[in-house]
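Participant: Protein chains in written order, with our numbering: chain A, 5 to 503; chain B, 5 to 503.
The hints are simulated quantities; they were obtained by calculation from the structure and are not laboratory data.
A portion of the hints provided could be inaccurate.
Same chains, same names: a pair is fine if it fits in one copy or spans any two.
Derived lysine-lysine pairs resembling DSBU-like cross-links, with alpha carbons at most 35 Å apart [unchecked claim]: (1) K496 <-> K13; (2) K139 <-> K7; (3) K495 <-> K155; (4) K451 <-> K105; (5) K210 <-> K478; (6) K105 <-> K73; (7) K228 <-> K139; (8) K234 <-> K211; (9) K105 <-> K228.
Remember, predicted model here, so these are calculated numbers, not experimental data.
What follows is each chain in one-letter form.
Protein chains: 2
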Amino acid sequence: MEKKIEQLKVILAEISDLSYAAALLGWDQQTYMPTGGAEGRGNQLALLGRLVHERATTPELGKLLDELKPYTAGIDPDSDDARLVKVTARSYEKAVRVPTKHVVEFAQETTLGQQAWMEARAKSDFSIFRPHLEKIVTLRQEYASFFPNFKHPYDALLDDFEPNMKTADVKAIFDGLRPKQVELIKAITDQPQVDDSFLHQPFDEKKQWDFGVEVITRFGYDWKRGREDKAPHPFTTSFGINDVRITTRVAPEFLNTMLFSTMHECGHALYGMGVAPELERTGLEGGASLAVHESQSRMWENLVGRSFPFWQYFYPRLQETFPQLAGVPLEKFYKGINKVKPSLIRVEADEATYNLHIMLRLEMEIALLEGKVAAKDMPDLWNAKMQDYLGVTPPNDAQGVLQDIHWSGGLIGYFSTYALGNLISVQLWEKINQDIPDLVEQIRQGKFETLLGWLREKIHRHGGKFEPQELVQKVTGSKIDPAPYVRYLTKKYSEIYNL
Amino acid sequence: MEKKIEQLKVILAEISDLSYAAALLGWDQQTYMPTGGAEGRGNQLALLGRLVHERATTPELGKLLDELKPYTAGIDPDSDDARLVKVTARSYEKAVRVPTKHVVEFAQETTLGQQAWMEARAKSDFSIFRPHLEKIVTLRQEYASFFPNFKHPYDALLDDFEPNMKTADVKAIFDGLRPKQVELIKAITDQPQVDDSFLHQPFDEKKQWDFGVEVITRFGYDWKRGREDKAPHPFTTSFGINDVRITTRVAPEFLNTMLFSTMHECGHALYGMGVAPELERTGLEGGASLAVHESQSRMWENLVGRSFPFWQYFYPRLQETFPQLAGVPLEKFYKGINKVKPSLIRVEADEATYNLHIMLRLEMEIALLEGKVAAKDMPDLWNAKMQDYLGVTPPNDAQGVLQDIHWSGGLIGYFSTYALGNLISVQLWEKINQDIPDLVEQIRQGKFETLLGWLREKIHRHGGKFEPQELVQKVTGSKIDPAPYVRYLTKKYSEIYNL
Chain A
5 MEKKIEQLKV ILAEISDLSY AAALLGWDQQ TYMPTGGAEG RGNQLALLGR
55 LVHERATTPE LGKLLDELKP YTAGIDPDSD DARLVKVTAR SYEKAVRVPT
105 KHVVEFAQET TLGQQAWMEA RAKSDFSIFR PHLEKIVTLR QEYASFFPNF
155 KHPYDALLDD FEPNMKTADV KAIFDGLRPK QVELIKAITD QPQVDDSFLH
205 QPFDEKKQWD FGVEVITRFG YDWKRGREDK APHPFTTSFG INDVRITTRV
255 APEFLNTMLF STMHECGHAL YGMGVAPELE RTGLEGGASL AVHESQSRMW
305 ENLVGRSFPF WQYFYPRLQE TFPQLAGVPL EKFYKGINKV KPSLIRVEAD
355 EATYNLHIML RLEMEIALLE GKVAAKDMPD LWNAKMQDYL GVTPPNDAQG
405 VLQDIHWSGG LIGYFSTYAL GNLISVQLWE KINQDIPDLV EQIRQGKFET
455 LLGWLREKIH RHGGKFEPQE LVQKVTGSKI DPAPYVRYLT KKYSEIYNL
Chain B
5 MEKKIEQLKV ILAEISDLSY AAALLGWDQQ TYMPTGGAEG RGNQLALLGR
55 LVHERATTPE LGKLLDELKP YTAGIDPDSD DARLVKVTAR SYEKAVRVPT
105 KHVVEFAQET TLGQQAWMEA RAKSDFSIFR PHLEKIVTLR QEYASFFPNF
155 KHPYDALLDD FEPNMKTADV KAIFDGLRPK QVELIKAITD QPQVDDSFLH
205 QPFDEKKQWD FGVEVITRFG YDWKRGREDK APHPFTTSFG INDVRITTRV
255 APEFLNTMLF STMHECGHAL YGMGVAPELE RTGLEGGASL AVHESQSRMW
305 ENLVGRSFPF WQYFYPRLQE TFPQLAGVPL EKFYKGINKV KPSLIRVEAD
355 EATYNLHIML RLEMEIALLE GKVAAKDMPD LWNAKMQDYL GVTPPNDAQG
405 VLQDIHWSGG LIGYFSTYAL GNLISVQLWE KINQDIPDLV EQIRQGKFET
455 LLGWLREKIH RHGGKFEPQE LVQKVTGSKI DPAPYVRYLT KKYSEIYNL
């Protein structure tokens, strides 16, 4: 069986290497590629995508997995081998149900869809994107139809991003969360608004960049195994556990953009860098799920980076870097970066309102997939829901239904992982603070080694061995639960807004 | 047959796309990759290399080519289709003779060889590299043995870089050239030396970079279809004809480094950008050969960039950029950048001595391949030949036999293309000046459109359709010939050194 495990790993390593090559092509596309390269890059990525799919569905892989199952049934179910076979079999069984024809068609339609979306957003004209959204929804419905065993068509999609998570579970979690977040936002908006005008002024871009670098170096980002570049839409990508790169953006007149996007992406990267070397090139090195990944990015961004103790350490350094903040006391700065204001754009939303943007999208995605709403009716539905949930109405579709790239790339079923990540981050945070009683004091001193060590031990090193619910349960003792998040938000904003 | 040509193009497009993906991985490796990424990158590149070799040797390709040969025999032999079948068949027939086992072993040994070479050069210790060189020579001998039809084992190697060029031809060309270059150098070194001390002083790196950008923008480098980055060893690479990137280096206290490496790489890039779009993704878009490629880089670097008229236009701009040159007259500057001095390092050699570095390497490579010299004797042989040809003896092996990366990467058979490129560049230059009588005047005005247009029409657009000798013959009316180069050098240096 030893030999068969090795044979399995050879196939998986090839899939990983092809995926990493594709990831580098994607990284380059979003950082350095000249515009002329777009068409060729599309060809190269389509080819690599097809080669990955071919290898991920080869009968040889299926045969190996079948032969290995009796062996792994007899060993520790949490061992690397047992988990490798289990997780690989899971992906294999999904992948073989999808015809290559569909994979190719989906790749082509989403390439066109993204181009159309860019134009539609630039012109704020939904009609340019509409026919593409229709096709993409049809393709996602077709994809769901390949998996008749799932109760709800949305389950098949969600499952690709959150293994074994069901739509009904997510709905139940969100149903518990929504009224409490709405109530909290109502309470906050009834209070006098905090001042954040000092965040909106010119800040030297190079100094901003360097400050971000200083912060994440302290967090433990390993520059020998990664690098940071600029990108219009920040992201993290990796080509193995020893080359995990982040991107960030710098706004010349708003400090938050660089600060929190840099910490956010660093959180993803620390996860990628912390996976056990034994899992590299097996397909298990990518992390447990998007939500678990997001729990890491949001933890470093929000629970660390938007916390008072963090700024007790870093604010004097920030003031040194930007003397224009000399007259702004720490308390005022802290309130400013945590200002709550229902707004139009998800990626700029504060912690209190963010999840509502997600819930809105989840509802719309489910309605699309069920055929209960047509693509053409999306702008109106979007605007109505924005008014309903956040009390704001987009002045145009660019700031409304066209704001996110996801649907144009076929990523229907993805958004809820952002909100789940927020919830998980706080569940973990409560546990961490029990395990490391002086964590707040360490953060106040700019020390993050213990925190990172805890995350590596409990989360990072396992990679994708465990399903997200399983991992959260294992680490915190309960499944994904909105209660800690509500407690956290309530406590934090009660102090900031004197609720 | 139309359909079979299309089938052929589908296979070739896949090979191209995989090669481009590999090229991007290589570009990243030499520009931005963090050190941690090296091992993973090796895996990814090895896999892509194997996939390319598999596709380049698939029996399906052989069958298609056989079926297409009768068709192309009946059409214009210079048509795209006829040339595509001819060139592809040529590569196919070579590739199928090489067992995949050899390809993989060669990839592994040269990866190790390059690592060992880097260490050996850093420590100036040939013994670290010696066992690797032995293995690489053995592998190159084995490679040559797959091609019993070649008269000389070196022919099989050379042929990969210069299609259809024979060792005997190169030797004959060099035999004609050597005594004349040696005589010229002797005459020069008998004269008083020119002053180039003003080139060796601090020059702001950002300003150097920007000046280089200004120059190559004027040359016609298309920034929408390329970009420039820093690399320790400048190179040009492409991922299609619409993404052709260059790299350069900037020495903080020596102006020539940035100036001439930037123009050199731009020359390669203009070739890559000028290939006819119909040839893209066919394998014919890479150019006729390394020597023809080098003729383009050397033309822009030397015949344009080291010429007096060029600096009549650009020197005032350079003086504006670097006021420390205000007191250096144009004539003195021109002589300084053209200073001839026999020296140790090939890549820093002037135009008069450069080819001797190449001849030395060619002789050593042939001796290695014929088994007439052992790897262990290379340092002594190198030093003896340096003394013989250039009158200098390296103080250590880092500045001697270990200076070039090529052999460690298995590139035996490559060096002579550099010298051939020099010769071709001047043959083309004589023809261009006949066809464009006011070319010198155009250069004096900083205008390069007519020159680039000529090169596109005569050389670039054909890509790899013609063999190098065939192309040179077609364009200049004669085969590769050292006489124009000798004429050029003699005239140029007679003026500079008052010979």
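Participant: Run every hint past the structure and note whether it holds.
Facilitator: Hint check results:
1. With identical chains, the CA atoms of K496 and K13 are never at most 35 Å apart, being 47 Å at best within one copy and 62 Å at best between copies.
2. Taking the shortest alpha-carbon separations for K139 and K7, only the inter-copy value of 31 Å comes in at or below 35 Å, while the best intra-copy value is 45 Å.
3. Taking the shortest alpha-carbon separations for K495 and K155, neither the intra-copy value of 38 Å nor the inter-copy value of 85 Å comes in at or below 35 Å.
4. Within a single copy, K451 and K105 get their C-alpha atoms no closer than 52 Å, and across copies no closer than 52 Å, so neither meets the 35 Å cut-off.
5. Taking CA atoms no more than 35 Å apart as the test, K210 paired with K478 passes in neither setting, with 43 Å inside one copy and 54 Å between copies.
6. Taking identical chains as interchangeable, the C-alpha atoms of K105 and K73 lie at most 35 Å apart whether they share a chain (30 Å) or sit on different chains (33 Å).
7. In the homo-oligomer, the alpha carbons of K228 and K139 lie at most 35 Å apart only across protomers (32 Å), although the nearest pairing inside one protomer, at 43 Å, exceeds that limit.
8. Taking the shortest alpha-carbon separations for K234 and K211, both the intra-copy value of 14 Å and the inter-copy value of 23 Å come in at or below 35 Å.
9. Taking the shortest Cα distances, K105 and K228 sit within 35 Å of each other only across copies (34 Å), while inside one copy they are farther apart (41 Å).
Checked against the numbered hints given earlier, the structure breaks hints 1, 3, 4 and 5 and satisfies all the rest.
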